[in-house]
Each structure stands twice: as C-alpha cells, then as structure tokens.
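**Student:** Each protein sequence line maps, in turn, to chains A and B. Just so you know, we're using the numbering used here here: the first sequence kicks off at 1 and counts up by one. Just so you know, we're using the numbering used here here: the second sequence kicks off at 1 and counts up by one.
Treat the hints with care, since some could be wrong.
Note that identical chains are pooled: a pair holds if it fits in a single copy or bridges any two copies.
[Unchecked claim] Straight-line distance between alpha carbons at most 30 Å, and here's what the computed DSSO-like set of lysine-lysine pairs gives:
no.	residue 1	residue 2
1	Lys461	Lys23
2	Lys457	Lys140
3	Lys472	Lys536
4	Lys198	Lys102
5	Lys233	Lys23
6	Lys140	Lys566
7	Lys444	Lys198
8	Lys21	Lys140
9	Lys324	Lys21
10	Lys198	Lys457
11	Lys469	Lys23
12	Lys583	Lys536
13	Lys566	Lys536
14	Lys21	Lys583
15	Lys461	Lys472
16	Lys457	Lys233
Derived by calculation from the structure, the hints in this document are not laboratory data.
Number of protein chains: 2
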Amino acid sequence: MSLADFFHPGSVAVVGASRQKGKVGYEIVASLQAGGFAGDIYPVNPHAEEVEGLRCYPSLEAIGRAPDLAVVVVPAGAVADVLRQCARVGTRQAIVISSGFKEAGEAGRRLEEQIARIARDAGIRMIGPNCLGIMSPADKLNASFGGPLPAAGAVGYFSQSGSLLAAIVDLARSTGLGFSRLISIGNKADVGELEVLKAFGQDARTRVIAGYLETISDGDAFIREAERIGHDKPILLMKAGETPAGARAASSHTGRLLDGGRRAYDVVFERAGIIRCQSIKAQFDYARAFASQPLPGGPGVVVICNTGGLGIMAADAAEREGLKLAELGEPTRSRLRELLPAAANVNNPVDVLGDALADRFEAALDAALGDEAVHAALVLLTPHAMTETDATARAVVGVARRRAEKPVLACFLGASRVEGAVAVLRAADVPVYDTPEAAIATLKALSDYARWRSRPKRVVKLFPVNRRKVEKVIARHLRQRQPEIGETEAKEVLDAYGFVTPRGMVATSGEQAAAFAEQIGYPVVLKIWSPDIVHKAEVGGVRAGLTSGQEVTDAFDLMMYRVPRKRPDAHILGVLVEEMCRKGREVILGMHRDASYGPLMMFGTGGVLVEVLRDVAFYLAPLTAGEAREMLASTRTWQMLQGAGGQEGVDIDAVAEALQRLSQLATEFPQIREMDINPFVVGPPGATPIAVDARITVAEEK
Amino acid sequence: MSLADFFHPGSVAVVGASRQKGKVGYEIVASLQAGGFAGDIYPVNPHAEEVEGLRCYPSLEAIGRAPDLAVVVVPAGAVADVLRQCARVGTRQAIVISSGFKEAGEAGRRLEEQIARIARDAGIRMIGPNCLGIMSPADKLNASFGGPLPAAGAVGYFSQSGSLLAAIVDLARSTGLGFSRLISIGNKADVGELEVLKAFGQDARTRVIAGYLETISDGDAFIREAERIGHDKPILLMKAGETPAGARAASSHTGRLLDGGRRAYDVVFERAGIIRCQSIKAQFDYARAFASQPLPGGPGVVVICNTGGLGIMAADAAEREGLKLAELGEPTRSRLRELLPAAANVNNPVDVLGDALADRFEAALDAALGDEAVHAALVLLTPHAMTETDATARAVVGVARRRAEKPVLACFLGASRVEGAVAVLRAADVPVYDTPEAAIATLKALSDYARWRSRPKRVVKLFPVNRRKVEKVIARHLRQRQPEIGETEAKEVLDAYGFVTPRGMVATSGEQAAAFAEQIGYPVVLKIWSPDIVHKAEVGGVRAGLTSGQEVTDAFDLMMYRVPRKRPDAHILGVLVEEMCRKGREVILGMHRDASYGPLMMFGTGGVLVEVLRDVAFYLAPLTAGEAREMLASTRTWQMLQGAGGQEGVDIDAVAEALQRLSQLATEFPQIREMDINPFVVGPPGATPIAVDARITVAEEK
C-alpha cells in the first residue's frame with residue numbers, strides 16, 4: 001500500500017463528524033463536499049442522524065462496507081478505538097487530525113506510541129496525529145480543515161505545521177499558485193517526510209516538491225533520497241531551527257566552526273541539491289518559476305526594462321546574488337540598434353525607454369533571447385503614461401512561448417495599474433514578481449539548481465591505506481575509554497592513510513632533547529608530551545624555532561617547570577622534539593560527524609587563528625576530487641592559495657588529495673567523531689604537505 | 001520663495017492642456033479636479049475653448065492674473081516661451097512635465113540649459129523637466145499624471161524616475177501607506193534632491209523622508225544635510241547604480257578595495273545615518289514602521305507566536321540580520337507561566353500555542369512588553385482552526401496603544417483568512433508584514449537608526465603637526481607634474497604628521513650598503529630606490545632579513561643587475577638600506593578621495609595580501625576616536641587584533657590614533673587623492689607602530 005492511494009480513495013469516512021459549524025468534525029465533511037469529492041462520504045458519530053444532508057453512522061462497522069480512507073477527529077483518548085475499528089472493517093488508510101498526543105506532554109506521547117503500534121500491527125498507514133489533513137486539487141479531494149482547495153498545479157507541498165499549511169493554501173489562492181498535493185504531516189507517528197518525499201518523487205502530477213520542516217527524523221536517508229529525487233524534481237525546503245542534532249556540543253575547531261550546527265544544514269542541503277528557502281515568500285517565488293519555466297542552460301541573464309534606473313537596480317541585485325548579466329553579442333546589439341530608438345541602451349540591461357509600446361518590448365525580448373550568451377530573461381516594466389501594460393504582457397507571453405527553451409520572468413511594478421497585465425502573465429504561466437530583487441533571487445535559484453543537476457557524476461577515489469593499524473588504535477582507545485587520541489597516535493592514524501608527519505622523538509631530559517635535536521637537524525620545535533593536554537599552546541607547551549642545543553635544553557627545562565603549574569592534573573610523559581617544517585602556508589583540515597548526516601569535512605585557512613579568521617568551507621563526505629577542490633576554491637583565500645600578491649601559491653592538488661584521504665578515513669571509521677589536522681603545512685607545487693599536529697576523538701558507534 | 005509654496009498654490013495654470021483623454025495635458029487637469037483642488041484651475045491652449053468644463057485661455061497673459069503655479073506640458077521646443085510668459089505675468093513656480101531635454105541627447109541638453117537660465121534670470125523655481133509632477137494629498141493637490149492621490153500620511157517621497165513614482169503611488173493605494181508630499185524631480189534642471197531634502201526637513205507634515213535616486217549632484221552637501229536632517233527625520237533611500245563619480249579608476253589598494261566604488265555609498269550613507277533600502281518592498285516595509293512606531297530604546301526584540309516553528313524562523317532571521325532576541329527576565333517568565341498553558345514556551349520566542357485565543361496573545365504581549373530587556377515586539381500569527389484573527393488584531397492594537405513607548409509590529413500569515421485582521425491593524429497604525437523575515441528586517445532598520453541617532457557627538461581631535469613640511473612636498477610634486485609621491489618623501493609627509501618610520505639610508509654601492517647596514521644594525525632590508533618604481537616587490541626590488549655584510553652586498557648587486565632588466569625605463573637612484581621592523585602584525589591604513597564625498601579612510605589587515613583577504617573597513621573622514629576604533633572593531637580580525645588563539649594582541653589605541661592622524665592629513669590637504677601605508681607594523685600595547693612603506697598620490701584641487 002502506497003501513500004499515493006491516500007489521494008484517490010473511492011470512499012471516505014469522517015469519524016467524529018459534527019453538525020456544528022466551526023467544529024473540525026463539521027469542517028472536514030463540508031470541505032469534502034465543497035471540494036467536489038465524487039466518492040461516498042460517510043459521517044460517523046453515534047450522536048447524530050445526519051451531517052450536511054448525509055446519513056450519519058454510529059460506527060465504522062455500521063457502514064456495512066470498508067471506507068478506503070478514515071479521517072479521524074475524535075478526542076485523543078478515543079483514537080485507538082477508531083483505529084481498531086478500521087482494522088476490523090478493513091480500512092487501511094487513516095488521517096488522524098486529533099491533537100493531544102506527543103505535542104501535549106508525556107501522557108500524549110504514550111498515547112501516540114500506542115496508536116502507532118495499533119496502526120503498524122494492523123497494516124494501516126496513518127498520517128498525523130495532530131495534523132490538518134490532506135488536499136489533492138486535481139482529484140477534487142479536500143480531506144482537511146485548511147479552507148477551500150487551491151488551484152490544481154505542479155507543486156507538491158508537505159508541512160510539519162498545520163497552521164502554516166493553512167496560511168500557505170490561503171496565500172496560494174490569492175496569488176494563483178497551483179498544487180498537485182498538500183500533506184500536513186503533523187506528529188509523523190507513521191508517515192514522515194521521507195515517505196512523502198518518495199511518494200512525491202513517484203507522483204506524475206508533482207513536478208516541484210516543496211515543504212516546511214522543523215525536524216528531520218532520519219537525516220541521512222532523507223538526504224540520500226533528496227539527492228536521488230532532486231535530479232528529476234527540484235526540492236524547495238524551508239527549515240525552521242538551524243541546529244541539527246548533536247552539532248551543538250563540539251570541542252574541535254571543526255565542530256565549533258559549524259556555528260553550533262547553523263551551517264550544517266547548508267552543507268548537507270547543498271550536497272543534495274535542495275534549494276533552501278529563507279521565507280515563505282521566497283519559496284512561493286521560486287516554486288512559481290520551477291513549476292512553469294525551463295531551466296536555464298547557463299548563467300547568462302538579460303534584463304529588459306523601460307526605466308534605466310530599475311534596470312541598474314536589477315543588475316546590482318544580480319551582482320549581490322552572484323549572478324552575472326550576459327554580455328550581448330555584437331549581432332544582437334546591432335539588431336537592437338535597428339529595432340530601438342537611438343537613445344535606447346542596447347547593452348544589458350537593455351533599456352527600451354519610457355515611451356516604449358508593446359512592440360518595442362517584444363522586439364527587444366525576442367532579439368535578446370536569440371543571443372546564445374543569454375540563458376534567461378527578466379522583463380521589468382514600470383507604467384509610464386503611454387505604456388501598454390496589457391498588450392506588453394501579451395507580447396511577453398508570445399515571445400516566451402516562441403522561445404520556450406529559455407526561462408522568462410517578469411516584474412511589472414505597481415498595483416491597480418498593472419493588475420490586468422499581471423493576470424495575463426499568470427494565466428500564461430509567466431511568473432511575475434513584486435520587485436526586481438525577488439525575480440533576480442529566483443533566477444539565481446533556477447541557475448544554482450541547473451548547475452547542481454548537471455554536475456559530473458560523483459566518483460570517489462579510494463586510496464590504498466593501512467586500515468588494520470587504525471583499527472588497532474581506535475579499538476584500544478575505546479577499550480580504555482579514552483575518547484581523545486592525542487598527537488602521537490593521531491599521527492600514526494594519519495600515517496596509515498598516507499599523510500606525512502614531521503620526524504620527532506620524545507625526550508625525558510634536556511640533554512636527551514638536545515641530542516635528539518642534533519640528530520634531527522636544526523631548527524626544531526619542542527612540544528609538551530601528555531595524554532591529558534590537547535591544546536598544548538594554551539599552556540605554554542609549544543616552543544618553535546629552536547636553533548641550538550642550549551636553546552633546546554633551556555626550552556625543555558622551562559616547559560617542565562611551567563606546564564605542571566598550569567595543569568597540575570596532567571600526566572606529563574616528556575617533551576617531543578620535532579623537525580621544524582620548512583616554510584609553507586598553515587591550513588586546517590577537519591571533520592565533524594553530525595549525528596544525522598554523517599561526516600562534515602572542513603578545509604580552512606589560518607592555522608591556529610582559524611576560529612578568528614573563519615575562512616572555512618564544509619562539505620559532506622565522501623568527497624570527490626572535484627568537491628575537494630571546490631572546498632579550497634570557495635574560501636576567501638583561494639587566490640592566495642593559488643599565488644597572489646607576489647607570493648608563491650601552494651600545491652592545490654596535494655591539499656585536495658589530503659582532504660580526500662581524510663574523507664576516506666572518516667567514511668571507513670564511523671567511530672571517529674571529530675578530527676583536526678592543524679596546522680597542515682602546505683608548500684609550493686611539488687612539495688609534500690606536512691600534518692604538523694592532529695587530534696582525533698572517537699566514540700562507540702551508535 | 002521656498003519649495004514649500006509649490007504645495008498650496010491658490011491657482012494653477014496647465015499650459016498645454018488638452019481635451020483628449022489619455023494626453024498628459026488632459027490628465028493633469030483631470031487629476032487636479034479629481035483630487036479636489038480648491039483653488040482656480042486655468043487650462044491654457046490656443047486651440048481649445050474649454051477643457052473638462054473649465055474655460056481655456058489662449059495664453060498665460062490672457063488669464064488676466066498671475067497663476068501661482070504653472071504646470072507645463074507643451075513640446076520641449078515651446079517650453080522656453082512659456083517660461084518667458086511666466087516671467088511676464090509674474091508666475092514664480094513652474095513644473096515642467098515635458099520631455100525631450102537632457103535625456104534626449106545633445107540638442108535637448110542645450111534646450112535644458114536655456115530654460116534653466118530663463119527660469120533663474122526671472123526668479124522662477126522650476127521642477128523638472130521630464131517629470132511626472134507633484135502630489136500633496138492633505139492639500140488635495142494632484143498636479144501630476146501619476147494616477148489618483150494616495151492617502152495622506154507622514155512620508156515625503158521624491159523620485160528621480162517618474163514612472164517608478166507612479167508605480168509607488170499605485171502600490172501605496174493598495175496597501176494604504178500615506179504620504180505627505182510626492183515630488184518627481186525629473187532632470188533636476190533647477191530643483192534637485194538637495195533642495196527637496198531641505199524642504200522635507202522643514203515640512204511639518206513630513207516625518208519620514210524617502211526617495212529614489214540615480215545620481216546625486218552635490219554629494220558632499222547632500223550628505224551634510226542628510227546628517228543634520230536625519231537626526232529628526234529618518235531618511236530611507238533607494239540608490240540605483242552603485243558607483244559614485246571617480247571611484248572607478250583607482251591604483252591604490254584603498255581605491256581598489258572600494259570595489260569600483262560599490263562600497264562608497266554604504267560608507268557615506270552610514271555616516272549620515274541614511275537607511276539604505278535594497279528594494280521598493282523594503283522601503284515600503286521600513287517607511288510604514290518609521291511613520292507609525294516609536295524608536296526602540298535598545299536592541300531587545302521579543303517574538304510572540306502561535307506556531308513554534310515560525311517563531312524559530314523569526315529568531316533565525318534575527319540572527320542573520322544581527323539582531324538579538326531579548327532574554328526575558330525571570331519575573332516576566334513566571335508571569336507568562338501563570339498566563340499561559342503548561343505546554344507554552346515562556347522563553348523568547350514566546351509560543352502561546354496553536355489553540356490560543358485573542359486573550360492569550362494579549363496577555364503574553366503585554367507581559368513581554370513590560371520586561372525592561374524588551375525594546376520591541378513582533379506578533380506572529382498563523383490562522384489555526386480556532387484562532388480569533390480579528391479579535392487578536394484588536395487585542396494587539398490595544399496593547400500597542402497602552403505600551404505606546406515601544407514599537408509593535410505584526411505578521412499575520414495568509415490572505416483571505418487574515419484580511420479582516422490586517423485591516424484592523426493597518427487602521428490602527430500597527431504595521432503588518434507579509435513574512436516574519438520582512439518584519440525582522442524592519443526592526444533591524446529601526447534599531448540601526450535609533451543607535452545612529454543616539455551616537456555621541458562627533459568630536460574630532462586635532463593633533464599638532466608640521467603642515468609646512470607637507471605643503472612643500474606637495475607643492476613641489478604639483479609644480480613638477482609628478483602626481484606620485486614615492487616612499488622617501490611619503491615618509492617625510494607621514495613623519496610631519498607624527499608617524500614613525502624605519503631608519504634608512506640610500507646606498508649607491510654594495511660596500512656603502514654594507515657599511516650602512518653595520519650602522520643601522522642587523523637584520524636589514526634592501527629596497528630598490530627609483531622614483532619610477534612604485535610596486536618594488538613586483539620587480540624583485542625588495543630583499544628582507546639580511547643578516548651580514550656579505551648578504552647585503554650580494555643582495556645589492558643582484559638587485560642592480562636584475563631590476564634594470566625588468567624596468568629598463570626606470571631611473572634608479574640606488575638602494576635603500578633600512579632597519580627591519582621588530583615583529584608585529586602587518587596592517588594597512590589608507591585613504592581614497594571620492595570626487596563627491598571626500599576622503600574615505602580605510603583600515604585593513606593582511607599587509608601585502610590585503611586585496612586577497614579583503615578584510616577592510618571604510619569610514620568617511622574626518623574620524624573621531626570612536627569611529628577609528630569602530631573601524632578596527634568591524635573587521636573580521638578584530639578578535640585577533642585584541643589577542644586571541646594564544647597570540648598577543650596589538651596596541652589598538654596606537655592604530656586608532658594613527659587612523660585619526662591620517663584622517664587629519666587627508667582633511668587638511670585636499671590635494672591628496674590617495675594614500676596607502678602598507679605595511680603598517682603594529683606591535684603589542686606600548687610598542688610604537690611603524691609605517692614601513694607608504695605612497696601618496698596628489699593632484700591639483702578642483
């Protein structure tokens with residue numbers, strides 16, 4: 001039994017139907033009737049004879065046949081019994097509208113577990129409880145109390161908030177946005193966002209998926225499905241609450257740089273191609289375009305306007321959003337010169353001037369869309385004295401139809417003066433926006449999605465590594481309940497995955513330290529050696545740039561004197577004498593495992609100052625070579641990494657490979673919760689980067 | 001004669017009046033009549049007897065008395081004659097609607113100069129040409145073809161685009177925003193934005209000033225007026241085209257970091273307290289709140305909602321905008337616990353739950369506004385089944401009136417379901433927004449403006465300096481037509497303003513260089529010495545960290561061999577042997593003089609890499625001590641400058657003082673176009689910062 005069956009039942013029972021207007025039990029029956037549902041409707045209520053002209057039954061059994069769908073509006077305590085009735089008569093689909101469950105405290109939570117169990121045991125699929133119901137405009141099915149049906153269309157919507165869904169339906173009716181299905185998923189005791197996503201993925205009526213979520217139950221599976229389904233259908237999500245489970249508490253740089261998890265959703269949504277919407281308005285704006293327009297074949301946008309200043313405002317908005325206006329080719333510009341008056345601007349934004357009639361808009365739009373550098377168009381109209389708003393709208397529709405392979409958006413500024421024109425555009429499926437900025441943001445969303453969809457197939461390279469060695473280190477730490485893997489062992493782990501670490505030896509006396517330094521060669525760095533001290537620099541446990549035996553013994557003795565005073569609890573094993581890395585740039589590689597979504601890889605610049613500079617990039621593991629490079633390229637310091645300002649660049653490929661190796665380590669060992677390689681010193685092309693310091697935290701797999 | 005007289009003329013002549021509907025000459029007469037203008041209207045047109053029931057005159061003279069205001073709609077070529085008629089009869093105010101002037105090319109530009117001259121000579125104040133006219137709803141004056149009058153209200157609006165103004169009036173009518181005056185300034189041949197700003201500043205009806213500008217004619221004067229008037233009345237500006245005059249071409253780091261001038265408007269607007277609007281929608285959103293609400297007394301915002309998830313979305317938006325939600329005091333929370341059901345959230349955002357009736361909203365809003373940590377409130381409602389939308393609106397209005405000292409904004413989500421409530425709120429001047437995000441952005445604008453208004457009085461410190469020395473250097477460069485002042489002389493200039501520069505001497509042989517190095521003390525740096533080479537590092541003309549005589553002579557010879565091969569044009573005077581600065585952080589101080597607004601001061605981090613890191617702050621000179629500190633504090637590296645990550649901080653006060661000294665230099669010498677001090681090396685508190693390298697560009701004052 002699939003979720004799809006919910007949308008075209010042959011018959012619906014409303015259990016808890018009421019004759020009293022305003023009661024939910026009445027609204028459901030009235031909505032089913034008003035929506036034009038063609039099947040049988042059976043009100044069920046032992047205290048009524050009829051509801052809205054329909055015979056009312058004392059129980060589900062009394063109907064004498066099994067309704068395909070039961071909409072349940074009885075008090076919370078009576079829901080279990082209704083579901084048992086469903087089981088007995090053979091009704092296998094229920095929408096539980098009733099509230100008083102998990103959202104109402106502990107007793108409600110137990111009640112919810114009980115009804116979920118009953119439904120599961122009886123093979124009943126249940127939407128809710130604590131929901132608004134469902135709508136399917138094309139099937140004339142309105143099994144909800146969310147008001148009249150909106151127009152039928154291509155957008156499938158699911159919402160974790162019933163009242164937001166009601167507001168959305170209300171807004172949609174006023175703006176004409178059409179929906180395939182709407183589902184209020186409520187407390188998600190059985191049917192959740194993952195199943196809805198899959199169902200929308202298979203549903204032929206749904207071409208755009210949109211939703212509002214407060215929690216995501218199985219993040220990993222949701223993202224995997226979204227990535228699969230998103231390839232065919234754009235997914236537009238509003239997500240309230242920015243913090244995924246488990247991302248708040250973090251001791252590593254990497255974890256802290258996720259901003260208490262605030263960035264984690266951006267990271268995982270980006271990977272899955274989910275278009276994140278920051279407001280309902282943005283979601284509507286985007287949905288309208290995705291439902292009606294082709295995807296742009298490239299980044300080039302043309303703006304056609306009859307007020308130069310507003311064209312410039314659109315261009316400014318494009319620049320802020322990171323969209324570039326197309327540079328029109330000379331053939332197009334010379335064609336525009338022929339078509340437009342001499343004072344018109346034939347560069348992008350194209351200004352057809354304030355006295356333009358419909359024909360001038362038409363000619364300019366057509367010519368611009370014929371340019372191969374143009375992949376999308378925005379027509380921007382303000383009503384001047386002679387402007388033919390309606391005729392211009394019809395002209396835009398005509399060109400948009402002829403040039404159907406490229407998206408065309410419009411912004412006709414005003415209210416009553418452009419009302420007719422807006423109606424013409426909407427009826428013809430040309431999306432209209434209330435400001436140039438909203439239209440530009442929508443073009444950005446179209447363009448981002450198109451780029452995501454045409455990304456190369458993800459191929460993750462597997463490097464030959466020494467897994468056994470890592471298994472041993474992790475197993476020992478878990479056995480001894482030491483979640484922190486300190487520098488030496490962390491470097492062993494990295495070594496097993498092909499990282500190069502500096503040469504070093506642990507000395508227990510100043511003389512020994514000096515002898516080791518001679519062996520390694522100056523300059524050397526000294527680091528306090530203790531399983532209990534993770535942030536060595538903060539306790540004075542690091543001295544770099546030592547160039548003689550005298551300096552080494554001095555530094556050794558000073559450290560042995562000072563560190564125990566700052567950290568009397570720490571068990572100090574000695575001092576590591578380590579090769580100083582040849583010069584290079586300090587970067588950080590890291591990983592933080594999100595409880596739901598898995599390993600989030602980080603690349604950042606600035607070494608120890610990474611948390612101050614905050615110039616970091618995150619991506620979900622496992623990484624492809626392209627993704628690793630993109631992480632580098634998305635930092636502010638990308639130019640500097642490539643070489644700029646007279647300074648030499650670094651070996652980009654080597655850093656990208658290191659990120660992939662670390663991603664492999666994170667993927668192969670789910671026990672690793674967090675890792676920081678900091679600093680990771682990278683030299684010029686050809687030089688081997690060095691993992692100078694590292695830490696790893698492990699925990700039993702859940 | 002002041003601009004204010006335009007708004008209540010006793011009589012208006014429409015020169016070029018027409019009987020033909022759709023013609024501008026008809027629309028003006030009809031608009032004056034429909035608006036309810038109480039004075040006399042004189043249509044003027046030699047080819048008509050009457051227009052819309054009014055007697056039509058063949059000329060202004062034929063009227064027999066001087067109309068107070070002439071609205072001119074004749075063809076461009078005939079405008080001069082009409083203005084001469086005005087002069088003869090004694091009409092001293094004219095609105096020239098006619099187009100065909102500057103916007104139409106060279107001939108039009110000459111025509112515009114001609115009519116401006118005629119008006120000036122005759123003492124006629126002229127609005128336009130190429131404009132839409134003016135409106136003053138409270139005076140029932142509609143001398144425009146921008147459609148029917150909008151509601152009377154507190155917002156004065158001026159626009160450089162007539163058609164945008166028409167769209168704005170149209171939008172305002174549909175949303176009920178009220179205006180005091182609307183002026184289409186057109187080509188600004190006489191009356192421009194500066195005069196309108198002053199007039200709005202004095203106009204008792206206007207409490208909020210809003211406008212749309214494409215160009216600002218006298219930027220410096222405009223900003224000074226805005227800063228003065230803005231103290232009493234908020235100024236909301238949309239500015240199309242981001243590049244002020246002269247900011248595009250820049251050779252200094254400072255100039256280039258203005259992003260081709262893109263940031264200059266932000267800098268000057270911020271200084272003047274102008275609220276910059278990125279879209280018409282944002283401008284409307286802000287105007288509504290500024291016109292009706294008190295300013296918040298602090299940063300604390302409370303959100304009251306009946307859907308938890310949307311409260312969280314508002315909180316997320318607040319965090320993105322840099323607004324913090326208020327932490328409610330325990331007395332408030334315990335009061336809320338009494339008032340609300342147990343399941344409600346008494347922390348901010350306060351969730352009154354989906355079944356809340358009007359009373360619960362009322363009680364929660366009242367309690368929250370009583371908290372001293374709360375300075376503004378946002379009420380967020382989604383219509384649940386039992387929600388009393390209208391009654392809730394009335395309750396919100398009641399509390400807002402009782403707590404009139406704090407701003408209250410609302411967002412009631414939906415369309416038809418909240419229509420009545422929205423009308424109630426609008427009628428009572430509680431601003432309503434279409435999304436939580438729009439309301440939060442508005443609260444941010446209110447809060448920024450309130451903070452700007454309560455900023456301390458600007459006191460600019462004057463340091464004792466040696467102006468004569470600088471005058472000489474600049475005069476010599478101007479006389480010899482050498483705009484670039486190279487390192488040595490730039491350092492002399494800085495020295496005269498109290499900067500410390502490294503010790504150094506110019507050597508002409510390797511032996512001499514080594515001798516100088518001995519004198520200065522190792523390590524030293526060598527720099528090629530040529531008036532023709534500005535970017536020394538790029539031609540291999542800098543060698544740092546030299547620690548022996550041998551290294552110095554080698555570096556000298558190498559430079560003398562290599563640099564002439566790279567720059568055969570350069571006249572090389574020798575090599576500068578300079579003291580190496582003790583360690584410190586490299587920052588950059590700079591100035592770029594904007595052609596309109598004057599000196600924009602810059603502080604940035606990263607030394608030579610400043611253009612890569614782009615971590616810079618700009619502010620308009622002259623700087624106060626507070627502003628100089630704020631510039632430092634607004635960079636990403638602020639924490640690092642103060643000391644973070646185990647590294648020592650720098651002497652913040654010393655850098656702030658250096659910025660003020662540089663600001664004084666820029667203010668006292670308008671001939672200086674650009675300056676970079678880069679790197680400026682700053683040590684820990686107490687250490688003197690050193691201007692290691694510097695360059696200055698001068699030009700004759702305009």
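**Student:** All hints, please: hold or fail.
**Tutor:** Here's how the hints hold up against the structure:
Proximity of Lys461 and Lys23 under a CA criterion of 30 Å is satisfied in neither setting, with 60 Å inside one chain copy and 71 Å between copies. In this homomeric assembly, Lys457 and Lys140 never come within 30 Å of each other (Cα to Cα): the closest approach is 41 Å inside a single copy and 66 Å across copies. Taking the shortest Cα distances, Lys472 and Lys536 sit within 30 Å of each other inside one copy (25 Å), while across copies they are farther apart (55 Å). For the homomeric pair Lys198 and Lys102, the shortest alpha-carbon distance inside one copy (25 Å) is at most 30 Å, but the shortest distance between copies (61 Å) is not.
For a Cα distance limit of 30 Å, the shortest separation of Lys233 from Lys23 qualifies neither inside one copy, at 38 Å, nor across copies, at 50 Å. In this homomeric assembly, Lys140 and Lys566 never come within 30 Å of each other (Cα to Cα): the closest approach is 73 Å inside a single copy and 79 Å across copies. In this assembly of identical chains, the alpha carbons of Lys444 and Lys198 lie at most 30 Å apart only when taken from the same copy (26 Å versus 40 Å across copies). For a Cα distance limit of 30 Å, the shortest separation of Lys21 from Lys140 inside one copy, 22 Å, qualifies, whereas the shortest one across copies, 48 Å, does not.
In this homomeric assembly, Lys324 and Lys21 never come within 30 Å of each other (Cα to Cα): the closest approach is 55 Å inside a single copy and 43 Å across copies. Only within a single protomer do Lys198 and Lys457 lie at most 30 Å apart by alpha-carbon distance; the minimum there is 22 Å, versus 62 Å between protomers. With identical chains, the CA atoms of Lys469 and Lys23 are never at most 30 Å apart, being 67 Å at best within one copy and 88 Å at best between copies. In this homomeric assembly, Lys583 and Lys536 come within 30 Å of each other (Cα to Cα) both inside a single copy, at 21 Å, and across copies, at 23 Å.
For a Cα distance limit of 30 Å, the shortest separation of Lys566 from Lys536 inside one copy, 11 Å, qualifies, whereas the shortest one across copies, 47 Å, does not. In this assembly of identical chains, the alpha carbons of Lys21 and Lys583 never lie at most 30 Å apart, being 79 Å within a copy and 80 Å across copies at closest. Only within a single protomer do Lys461 and Lys472 lie at most 30 Å apart by alpha-carbon distance; the minimum there is 24 Å, versus 67 Å between protomers. Only within a single protomer do Lys457 and Lys233 lie at most 30 Å apart by alpha-carbon distance; the minimum there is 18 Å, versus 57 Å between protomers.
Hint violations for this structure: numbers 1, 2, 5, 6, 9, 11 and 14, all remaining hints satisfied.
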